[in-house]
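Enquirer: The chain contents come next:
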Amino acid sequence: MSLKKDLISIKDLTKSDIYSFIETAKEFKKISLKDIKKVPTLRGKTVINLFYEPSTRTRSSFEIAQKRLSADSLNIAISQSSVTKGETLKDTILNLESMKPDAFVIRHHESGAPYFISKITKASVINAGDGINEHPTQTLLDIMTVMEEKKDISSLKVAIIGDISHSRVARSDIFGLSMLGADIYIYGPYSLLPVTGFKDIPNVRIAKGFKEAVKNADVIIMLRIQKERAGYHFIPSIEEYRNFFKLTPELLSLASKGVMVLHPGPVNRDVEISGSIINRDKTFIFKQVENGIAVRMACLYMLLGVQKSLEPDI
Amino acid sequence: MKRLIIKNGIVADPLSRTEVKRDICIEDGIIRGAGNGTGDFKKSRSADIKIINADGLYVLPGLIDMHVHLREPGYEYKETIKSGMEAAVSGGFTSICCMPNTNPPNDSASVNNYIINKSKEAGLINLFPIGAISRGLKGENLSDIGELKESGAVAISDDGNPVSDTSLLARAMLYAKTFGLPVISHSEDLSLRGKGVMNEGFTSQALGVAGIPSIAEEIAIERDIGLAKYYGAKLHIAHVSTAGSVDVIRRAKKEGVDVTCETCPHYFTLTEESLLNYNTNAKINPPLRTGRDILAVKEGLVDRTIDVIASDHAPHSEDEKDTTLDNAPFGIIGLQTLLPLTFKLYAEKRLFLHDIARLVSQNPARILNLSGRGGIKEGYAGDITIVDVRKKWKFSENKIKSLSKNSPFIGMDFTGIAVYVIVSGNVISAN
Amino acid sequence: MEEVLLFDNFATKEILLGLTDDILREPLDFNNVSIIGIKEGGVPIAGFIRDEIKKKFGILCETGFIDMTLYRDDPFNVKKSVGSTELSFDVNGKIVILVDDVIMSGRTVRAAIDQIFDFGRPQSIKLAVFIDKGGRELPICPDFTGKKVRAAKKEIIYVNIEGKEKSVKKVIKK
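Chains as they are written, first to last, in the working numbering: chain A, 1 to 314; chain B, 1 to 431; chain C, 1 to 174.
In case anyone wonders, no lab produced these hints; they're calculated from the structure. Quick caveat, the model's predicted, so the values are computed rather than measured. Glycine included, each C-beta is placed from N, C-alpha and C at the ideal position. Some clues are possibly wrong.
[To be verified] Chain B residues, not near chain A, derived (Cβ > 10 Å throughout):
hint, residue
1, Asp55
2, Ser143
3, Asp144
4, Glu147
5, Ser167
6, Leu168
7, Ala172
8, Leu174
9, Lys253
10, Arg304
11, Thr324
12, Met412
[What the hints assert, rightly or not] Straight line, CA to CA, 30 Å or less: simulated DSS-like cross-link-like pairs of lysine-lysine:
hint, chain 1, residue 1, chain 2, residue 2
13, B, Lys344, B, Lys399
14, B, Lys253, A, Lys199
15, A, Lys67, C, Lys169
16, A, Lys150, C, Lys126
17, B, Lys399, A, Lys227
18, C, Lys126, A, Lys37
19, B, Lys253, A, Lys157
20, B, Lys253, B, Lys399
21, B, Lys254, A, Lys208
22, A, Lys151, A, Lys37
23, A, Lys308, C, Lys126
24, C, Lys154, A, Lys308
25, B, Lys177, A, Lys215
26, B, Lys399, A, Lys199
27, B, Lys229, A, Lys208
28, A, Lys151, C, Lys39
29, C, Lys154, A, Lys15
[Stated by the list, open to error] Taking CB as the label site, the calculated pair distances span:
hint, chain 1, residue 1, chain 2, residue 2, range
30, A, Met99, C, Arg25, 55 to 61 Å
31, A, Arg269, B, Gly194, 48 to 54 Å
32, A, Glu212, B, Asp319, 53 to 59 Å
33, C, Lys13, A, Ser70, 28 to 34 Å
34, C, Pro139, A, Leu74, 32 to 38 Å
35, A, Arg269, B, Ser16, 25 to 31 Å
36, C, Gly134, A, Ser70, 29 to 35 Å
37, A, Lys211, B, Ser371, 16 to 22 Å
38, A, Ser79, C, Asp143, 37 to 43 Å
39, A, Asp91, C, Pro139, 32 to 38 Å
40, A, Ala77, C, Asp143, 28 to 34 Å
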């Protein structure tokens, strides 16, 4: 295994790393199904959740993962922290570092913040979403959710629809799924697609239309559109987005029979996806949330394991 | 079955680049065949056959004016959709495209539908609306471009209001690319135009009025082409008027940028000197330039740097133009003068008639994705313009079909005129 | 590295039968007995015991397997991948026979007991081990022992009872 102490980018992982995260997560998923949803594995480990951006799902998912592993977790909401008094990111981390944490879970609005932090701390750093860069645990849980239904990722057609330019989920998913050999079709308004295209990533292409993207797709990943995008000329309006880039039951009917619809949440119902689709069993949005806990438990366990192995033997 | 046979005309076909005498058959509005005699067409018996004898006339694919300002809704006293269409018929056009600077501007499906319905009521020729790039033509937010396309817009443009915000134009190009919709740019640096009313040069100096420098157009075209090149988007540049602009576009095309452009007849006919005597009927934007620019535009037409001739038909009422040069609005009418002014280039032997068919029919159709138009070919729409290139006539005020008479060409002698306009097989007398 | 064969095929089988015999002779309510093998070594032994109980009393005891990695006092030191725990039955009120191949420090058994308690509250837990290597670090004592073998901490005992050729080997790391 090529694992490092940190999980910053899907690109740092190999195929077998991804599979071993998923295999481990499968076991951790069972813990959440027991009466006593807890194992003592991370007893005495301290994990700091440092969220510079609001988040409900990811933060609670990480926090539950920590609690189910018996780790002591500390949540720092930036609005109440010394950051509001002008402390730099570096100083914040160095101060927290003195409290001897074993891991940081970082959500930051600036791309590359977790990488920066990993350079100045001995603790493990887990990227819980940085700017428009990456969201690796989301990708692991997406892959886990797909693997529960489909055996061989490399035979799948995956459509990723929406605001690709600003989506860390899309970027991590593209890297991860491409590595596992899936055929990836991207669709969205060109104003929300990277100008460079995807020529540097295998098996990724930009579809000419929504229909081409979803036709015979085995997995459709819908992305959240942020309402602010209209204000910066990326799209004309939310109404227009709804008219042309929403996944409707008609479009969904073009996909393969056992199609899975994923969405990282939070969902704008009837903006990027018809509410009626969410209400049906083709969506795995809630499965994704369930698997999120297991994947994050696996990440904490495996990364702290690596960190331990890096310590000098006394 | 309804059948129309055009006999004995010389067909100027931009697709084959030939001018050959042959007959054309239009069945139920669609071109069904073209042969040497009428023999082929006589085989099937039909109740309704109409024959036009085009002996001595040229037969062109239906002409398309891709740059017209109809003033409806909002300014019906200048022009209505119906009056504009009547002027277009007289000018030889089977299709026109109207710019969105109406009131309200055409930035939504509702205005678009209104315009299309009005044109169907008039029922003369085809009308293809051009939607707004920005909401309200304000240059701030994108209009609902997908909705415009879906309701029938063939391009987007903020013509008249150049898009100053570079990121807005860039994203408009990208967003419109999603829908395969071309962006038509009125390329002009507004800060350089300032309060200018005519070309900056000796004449503006002589008249003592503020000038519009040619660089205001060229610098904006450079920017817009730069964007199209960087983003791999399709761009059409409206009303090219300067030698520098032609150079910039020629270079870009050589580099392989997906750019097309148009000019208007006045830019290869008149110079800034038309504004001496403070003639407001020659006040137009971009302004009339110099003799050197006229030559460059003509060269651009010949070497195919310029793809399209359009009229930029911009009606304004007599009262609006009957004022000082500073006060008068920009714009002249042009639907009825485009063809005779373009025939001057034919007379000068710079263009063949099939070149004119390319510039005023084939290329506009190609740029705007009007499939099945812009050529004389089996299966194409039965849109035909029949012209008499020898007919001499004077462009007098009483010949103007527009509600507005703001033309600098009134009183001019022309050679050549449209005789028939055929739209989906229906024959309309043009003149 | 040096490898010593401790018990050959025949002797290994004898030990296995002896261990099972001890269990069968115990006055237990076999209708209420469940067998849990500790992964990986305890799995085939647990299966063997289940089969013998079935032969003698006609009772098929519920059998499960646990991987106690997450309950270790040193969870990261031994291996990084977490094995699968398969306990599909309710352990509440059961007499659990916990089975492992080799006991030494007793730490594994401690972790396994903790893990079972997270699944419920058995009436009692009996410990059956195939080889007792000695060297206990915790106060834990098997109820049923196949064979006691003297070995140092460094010396690893490999038990192979699957397949036709069964054996117990001692590997001495040098």
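Enquirer: It remains to establish, for every hint, whether it holds in the given structure.
Expert: Results for each hint:
no. : hint                              : verdict
1   : Asp55                             : 48 Å, holds
2   : Ser143                            : 6 Å, violated
3   : Asp144                            : 4 Å, violated
4   : Glu147                            : 6 Å, violated
5   : Ser167                            : 6 Å, violated
6   : Leu168                            : 5 Å, violated
7   : Ala172                            : 7 Å, violated
8   : Leu174                            : 4 Å, violated
9   : Lys253                            : 22 Å, holds
10  : Arg304                            : 28 Å, holds
11  : Thr324                            : 38 Å, holds
12  : Met412                            : 44 Å, holds
13  : B:Lys344 <-> B:Lys399             : 20 Å, holds
14  : B:Lys253 <-> A:Lys199             : 25 Å, holds
15  : A:Lys67 <-> C:Lys169              : 42 Å, violated
16  : A:Lys150 <-> C:Lys126             : 42 Å, violated
17  : B:Lys399 <-> A:Lys227             : 54 Å, violated
18  : C:Lys126 <-> A:Lys37              : 25 Å, holds
19  : B:Lys253 <-> A:Lys157             : 38 Å, violated
20  : B:Lys253 <-> B:Lys399             : 40 Å, violated
21  : B:Lys254 <-> A:Lys208             : 27 Å, holds
22  : A:Lys151 <-> A:Lys37              : 28 Å, holds
23  : A:Lys308 <-> C:Lys126             : 34 Å, violated
24  : C:Lys154 <-> A:Lys308             : 22 Å, holds
25  : B:Lys177 <-> A:Lys215             : 21 Å, holds
26  : B:Lys399 <-> A:Lys199             : 59 Å, violated
27  : B:Lys229 <-> A:Lys208             : 20 Å, holds
28  : A:Lys151 <-> C:Lys39              : 26 Å, holds
29  : C:Lys154 <-> A:Lys15              : 35 Å, violated
30  : A:Met99 <-> C:Arg25: 55 to 61 Å   : 58 Å, holds
31  : A:Arg269 <-> B:Gly194: 48 to 54 Å : 50 Å, holds
32  : A:Glu212 <-> B:Asp319: 53 to 59 Å : 55 Å, holds
33  : C:Lys13 <-> A:Ser70: 28 to 34 Å   : 43 Å, violated
34  : C:Pro139 <-> A:Leu74: 32 to 38 Å  : 36 Å, holds
35  : A:Arg269 <-> B:Ser16: 25 to 31 Å  : 56 Å, violated
36  : C:Gly134 <-> A:Ser70: 29 to 35 Å  : 32 Å, holds
37  : A:Lys211 <-> B:Ser371: 16 to 22 Å : 19 Å, holds
38  : A:Ser79 <-> C:Asp143: 37 to 43 Å  : 58 Å, violated
39  : A:Asp91 <-> C:Pro139: 32 to 38 Å  : 50 Å, violated
40  : A:Ala77 <-> C:Asp143: 28 to 34 Å  : 53 Å, violated
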